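Visitor: Build the full structure now, drawing on both the sequences and the hints.
8 protein chains.
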Amino acid sequence: GFAKIDNHRELRVGYPEVVYGEGKTSEQVTEIATYMQAKGQNVLITRSNDHMYETVVKACPKARYNPLGRTISIVNKAYQETSSKISIIAAGTSDLPVVEEAYETAKIFGNKVEKIIDVGVAGIHRLFNQMDRIREAKVLIVVAGMEGALASVVGGLVDKPIIAVPTSVGYGANLGGVVTLLGMLNSCASGVSVVNIDNGFGAAYNASMINRL
Amino acid sequence: GFAKIDNHRELRVGYPEVVYGEGKTSEQVTEIATYMQAKGQNVLITRSNDHMYETVVKACPKARYNPLGRTISIVNKAYQETSSKISIIAAGTSDLPVVEEAYETAKIFGNKVEKIIDVGVAGIHRLFNQMDRIREAKVLIVVAGMEGALASVVGGLVDKPIIAVPTSVGYGANLGGVVTLLGMLNSCASGVSVVNIDNGFGAAYNASMINRL
Amino acid sequence: GFAKIDNHRELRVGYPEVVYGEGKTSEQVTEIATYMQAKGQNVLITRSNDHMYETVVKACPKARYNPLGRTISIVNKAYQETSSKISIIAAGTSDLPVVEEAYETAKIFGNKVEKIIDVGVAGIHRLFNQMDRIREAKVLIVVAGMEGALASVVGGLVDKPIIAVPTSVGYGANLGGVVTLLGMLNSCASGVSVVNIDNGFGAAYNASMINRL
Amino acid sequence: GFAKIDNHRELRVGYPEVVYGEGKTSEQVTEIATYMQAKGQNVLITRSNDHMYETVVKACPKARYNPLGRTISIVNKAYQETSSKISIIAAGTSDLPVVEEAYETAKIFGNKVEKIIDVGVAGIHRLFNQMDRIREAKVLIVVAGMEGALASVVGGLVDKPIIAVPTSVGYGANLGGVVTLLGMLNSCASGVSVVNIDNGFGAAYNASMINRL
Amino acid sequence: GFAKIDNHRELRVGYPEVVYGEGKTSEQVTEIATYMQAKGQNVLITRSNDHMYETVVKACPKARYNPLGRTISIVNKAYQETSSKISIIAAGTSDLPVVEEAYETAKIFGNKVEKIIDVGVAGIHRLFNQMDRIREAKVLIVVAGMEGALASVVGGLVDKPIIAVPTSVGYGANLGGVVTLLGMLNSCASGVSVVNIDNGFGAAYNASMINRL
Amino acid sequence: GFAKIDNHRELRVGYPEVVYGEGKTSEQVTEIATYMQAKGQNVLITRSNDHMYETVVKACPKARYNPLGRTISIVNKAYQETSSKISIIAAGTSDLPVVEEAYETAKIFGNKVEKIIDVGVAGIHRLFNQMDRIREAKVLIVVAGMEGALASVVGGLVDKPIIAVPTSVGYGANLGGVVTLLGMLNSCASGVSVVNIDNGFGAAYNASMINRL
Amino acid sequence: GFAKIDNHRELRVGYPEVVYGEGKTSEQVTEIATYMQAKGQNVLITRSNDHMYETVVKACPKARYNPLGRTISIVNKAYQETSSKISIIAAGTSDLPVVEEAYETAKIFGNKVEKIIDVGVAGIHRLFNQMDRIREAKVLIVVAGMEGALASVVGGLVDKPIIAVPTSVGYGANLGGVVTLLGMLNSCASGVSVVNIDNGFGAAYNASMINRL
Amino acid sequence: GFAKIDNHRELRVGYPEVVYGEGKTSEQVTEIATYMQAKGQNVLITRSNDHMYETVVKACPKARYNPLGRTISIVNKAYQETSSKISIIAAGTSDLPVVEEAYETAKIFGNKVEKIIDVGVAGIHRLFNQMDRIREAKVLIVVAGMEGALASVVGGLVDKPIIAVPTSVGYGANLGGVVTLLGMLNSCASGVSVVNIDNGFGAAYNASMINRL
Ligand SMILES: Nc1ncnc2c1ncn2[C@@H]1O[C@H](COP(=O)(O)O)[C@@H](O)[C@H]1O
Ligand SMILES: Nc1ncnc2c1ncn2[C@@H]1O[C@H](COP(=O)(O)O)[C@@H](O)[C@H]1O
Ligand SMILES: Nc1ncnc2c1ncn2[C@@H]1O[C@H](COP(=O)(O)O)[C@@H](O)[C@H]1O
Ligand SMILES: Nc1ncnc2c1ncn2[C@@H]1O[C@H](COP(=O)(O)O)[C@@H](O)[C@H]1O
Ligand SMILES: [Mg+2]
Ligand SMILES: [Mg+2]
Ligand SMILES: [Mg+2]
Ligand SMILES: [Mg+2]
Ligand SMILES: [Mg+2]
Ligand SMILES: [Mg+2]
Ligand SMILES: [Mg+2]
Ligand SMILES: [Mg+2]
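Protein chains in written order, with our numbering: chain U, 83 to 295; chain C, 83 to 295; chain W, 83 to 295; chain D, 83 to 295; chain H, 83 to 295; chain X, 83 to 295; chain G, 83 to 295; chain R, 83 to 295.
Treat the hints as calculated values from the structure; they're not laboratory data. There are no misleading hints in this set.
The following label-pair restraints were derived from C-beta to C-beta distances:
#	chain 1	residue 1	chain 2	residue 2	range
1	G	A141	R	S165	46 to 54 Å
2	G	D214	R	R215	35 to 43 Å
3	H	T175	W	K194	31 to 39 Å
These figures come from a predicted structure and were not determined experimentally. Cβ coordinates follow ideal geometry from the N, Cα and C atoms, glycine included.
Guide: Spelled out as structure tokens, the structure:
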């Protein structure tokens, strides 16, 4: 019967509430955050900004802002961290905003999570120096711009599910990340699946579901 | 040291050998299959065809052909099936070749796997009738052509990792599956990651890594 | 003879005058509005802005502004509302500007019109809760961004003409709404036709012609 | 409750069964047709071919083949023709297959329907000679390739809902109909909505829903 | 010998000097204009702006500015106007900047030139009212945005060379004029050739070469 | 009145009838040709083939076939050749089919016409050796594939209207001529307008209208 | 003077004649080959086929055919091999046709040349095993399909000029090599320049010019 | 062993450090520059700006700014200039920023380098006047926008490796340089390889590697 089609939000009891800040006013976001705080729920706001944070923090003093990742996290109730680990691997410094969005998302969903950055293939020894740490993770997020080669290289070295996030970092015929996106989908390595351009949140949401299995 | 960069194949001890049949002669494929058979290894050949099967089966009598999925499976050593399940969900009959490729891949990688087909959103009650079975799976593969809406709908109903496979099924401005691919990447539901067009193998490879965690 | 090729405007006697505000000065628009007011005609200005409204309202005190939909409506003569209904169904809050443009257009063309919003497929039970209201309409406008799955889902549930409006809402590889547009054109459900990206006016114009049949 | 989400097919009691022939075997299609015949239902098979017809007609002697439109129609029970009319207007001879698919679809859905062909804008007097007939229709289907200008010209002359069907007719930078499709979506005339390239069936399905209102 | 490859500029003795203002400073442009004035030559500056005009006019008091067309014309020596005529035909008001660029170019190259505007195909009787004037021209420039249907309609009515200029006017899936451009190249009417998007100068340069034959 | 909108064909009294052979049967084409022959009119059939010629020539013994250009010309009445000349300039041997289509079109429209081939810019001295002949023409057709540079180079050397025809000749990322087409539209030389890919007929039709002025 | 613009062919005295076989008849190619043989010149024919070879070899018994690379080489006069080396590095077996075209080109232009194949990044240890050989080369050609990551990885490991050749190898959203092409142009490693898709000849021609410096 | 995979930076001992300024703060860049200065190394900062220069020069008084090329060069240790020469050839004034980036890069990598500008093919005699200088170079960089014809013309006249840089200069359907990029990749002349749009640095880096061979 219809009971099968229950509320998505209900399904996710215990999950933080996620608010996509883009295109919402600081006031609208604050209202949602306050409401959730009253219910004792954790809140993650993505694509926020300085002004939004300043408005939210007045109503929710526990709010913490990650300006690079543009996230606001409000931990109203403690959660148990997973024992298994998500690794977020990134090519260059310009990929950091996406790394941070993924990091904060994974964190508030209760995951142990680690960042391994600046290991792009233009200097591949940097990646190899980190292989032991990388191999300890249960699931990997690979964030890269340009031609996205890092996803293939990592995919060829480890045997874990990899969620690749193309970034809009690049110039010339990068087409706002579309080239990276298509490159990752054409990866010569098995085990790579892809989310949308700059979608650090989506990658971490996926990784979290896998990490908690 | 360099020991970290060991052979990809070695990493995958116990895995079947996978041969991409497209662009290879029946003789080349048979040679690889024979060699692996001698080593007692399981073999999966994708993108094969009738002629290839007839050539392979002479040398490897255990070879089994799935003409719809265009796969040849050769089980030379028994494997333990997982207790957790992969569900492959598909919209329409024209998606079946991709479903079968995914199914055979998941099977030979040792997974319990189930097919739930013809549940496209044009008649959404068909999907709801299957929700109990779908919710039992540990990871889902959603195969769809056209606008790819099925991935979003499933993503909104279950809280499992979903690997979406766009198919090149469609006509008019479908652009050989590119529209479906981009639609799935823009899914309004969280928890969906995407592999390349018609890449049933890749989806099942990913799902298998997750299912075995 | 030539009489067949009569004036489009004449054909539409009784219709409001529609002015596309984009790229026109507030003064130009006010001049047209004043002229139409003198003739006792109703006027709809789309793609307007605050400044344009302030200029127009000085000359036409009946002017009413919808800032979200960016429309100015001036009802100089009463019209008879239709007994049959247009339903405007929308996925998310970011689709609201397009919903409002469609709503105001349908209104001033004399239609009974209803908005059913925030029923995107990521939480499909919200849509099902509205099915009775939706089924009462004579024609449906479905407004959605992302992958546009809502049009297919609605198309599979009701047997009414559906005009789908893709919105430019999205991020990553959404390509400014082109992905949504192509997704809707590839809908697996019959009965869906499509207008241009963000073209709420065009959808409502079409729906009005159908609703008045 | 769930009763709202009843079977799409049930919704359409009295409608013909529509089978999309592409990618199905003649035997599969014949099986469906035979089953529907037994239930006394009308059947429309689109994207069929000579061989399919020859197989179907053996089991269903009432089957009638339209080779240009590639449709097979089987009228097992009489239907009442509408008093209002659908006009299908087409630019050139190469658009005829799409015209015929639309025509047969409209017919078996019980509509009065009329074809007005070879009235492309390169010789616009041909269109004007037909304006009286065109104006009598309740809803119009405009089928055109090349730049699709016919939809805009008709849209500027009549005040009826227009469903435009871009065809893949063209050469050079026509991009398989995509240019026509996008041209029609950018039509300068109001009242035009668009279906997918070469989708005569979809246009007629829409028109039928409108014509029967 | 090499004498064949003489200076392009020399070839064009008697022609005005044309300066593309975009990306040049007002000072650079003024320097060129002053130099040409000293040589008694006529000067056309395209893609200029208010500030550029104010700088130029101080040094060249004969400079005349067309703010809509963004051109500065400096007639230092009289020229003989052609007896034959170029007609510039445009669909809508948003095409006017391109019309004006074409007009000023045609003028300073010594052509009799006429503007026929606001005759888009959404109200085609407006075009027919102008057919006598249009038929008097030796060569036609058709400026249009949206789907560019005007070029095809004019091409079907007159037997003169037509240079079509797509404009970047449009919204939604217009893709910055690319849809109009491709539509015009796919025109169903013979006798239409096309220049780049918004390239009023190029169209008038071509038309001038033809008009002076 | 309506008299303005007379028949396109009538406008072109004295012109040959042009039949686009693609997608027509040999029988259909022969019927048209026979009818025109009876009226004493000249006929040009483009995009024909061997079989079509053999069928046509039986009914119209004067028919002459150009297999490279895929044209059939039937001169039923003598015409006066122009004294001014059209030059068709082509880069390489693979452009020859388009050159021949343009040549035959220009011929049967009564133009003096000359072919200057194999003068691509990879060996630019070949072009310079032909400059005297090129400069004698009244209008130029430039046919080129690859990057289409020939149109720009010729445009920089002569002061005549140039109609550029991109050809679908190329490999790799030529995209079926779209790259050449866009390159020509972005030509750095003034005086170049463009027709569709491989459209030798359209270029010659345009050139003929100019040459006859 | 004009002497500067001397014959390209003359410039290249001592070079082999290169004939692009695609779209030429076996007879045309044989004629050129015979003529060059008479002059004692070396000849390279690319994009040839079996039939072409059989025709050529009758007239030129020294002709040697590489069926994988689709080249015919005719060495009529000995040449001095370079002491420095070109390395051609390729990812997979499906890249071999392009490798062979490059190899034969480099050979007949007199270069020492080496092939290092099957070293794609999905198993990166295979590449590292070849680094000593790769580092000995003066210039590198990297041939890869899919996402083209090999070019970036090699570019990050060696300090030599790299000419990357994208291949049309791939499936799904590879877009016939365009994704690989754009990926390589967006390489995160410096020192990589790119030629057209599958253009093994062009890469080797470039490499040869560099190797002979 | 692993020694093969040594540090990229170490490989380049004696090379300047290159910092990509885009997206870095002036402070971050200054820190890197100061650190390198302390080590006595030369530094090149690309994509910088006025503010960045003012910050850097306080810490590194030897810093020299090229505002057009947006580069900052800091020569902390003298280098030996090559005896062979790189020529940078450019079509127009709007290509100058890219020319300057290439020039500064070539300079600080120790190359003799020469600029030959404003020699676009619209006035091809300007190029021929420079052929003697051009022929003296060991390697050429060709910088052009629009259709990129200059690369083909130069490629047909000289027998040196050419690195083509498409610029984003253009208007209308130039697509931000993509048309130029694809045009250059389809060059009819051999010996041309291509780097990304506006990538003057990359071209000069390549040219430098070749020039130093
Ligand atoms: N950065 C992000 N990128 C993509 N989706 C997001 C992001 N942040 C939040 N979301 C999704 O957007 C939903 C919130 O949308 P809203 O109801 O508009 O706040 C959440 O449930 C998430 O599924
Ligand atoms: N020519 C056509 N173009 C698009 N959709 C079609 C066409 N013919 C049939 N359909 C749709 O395809 C469905 C049949 O699909 P199937 O179940 O595969 O036979 C029908 O219910 C129609 O909605
Ligand atoms: N090769 C060609 N390319 C483009 N248009 C052509 C070509 N040949 C003929 N045409 C046009 O097509 C029309 C004939 O179409 P149809 O009535 O189908 O024979 C002619 O009047 C021409 O305007
Ligand atoms: N203008 C440029 N375009 C492309 N790549 C550049 C440019 N300037 C510097 N680079 C590269 O970017 C690297 C510096 O990046 P970063 O480490 O972020 O400073 C250098 O090693 C170069 O390989
Ligand atoms: Mg792996
Ligand atoms: Mg979910
Ligand atoms: Mg429906
Ligand atoms: Mg209308
Ligand atoms: Mg005409
Ligand atoms: Mg010229
Ligand atoms: Mg390197
Ligand atoms: Mg050269």
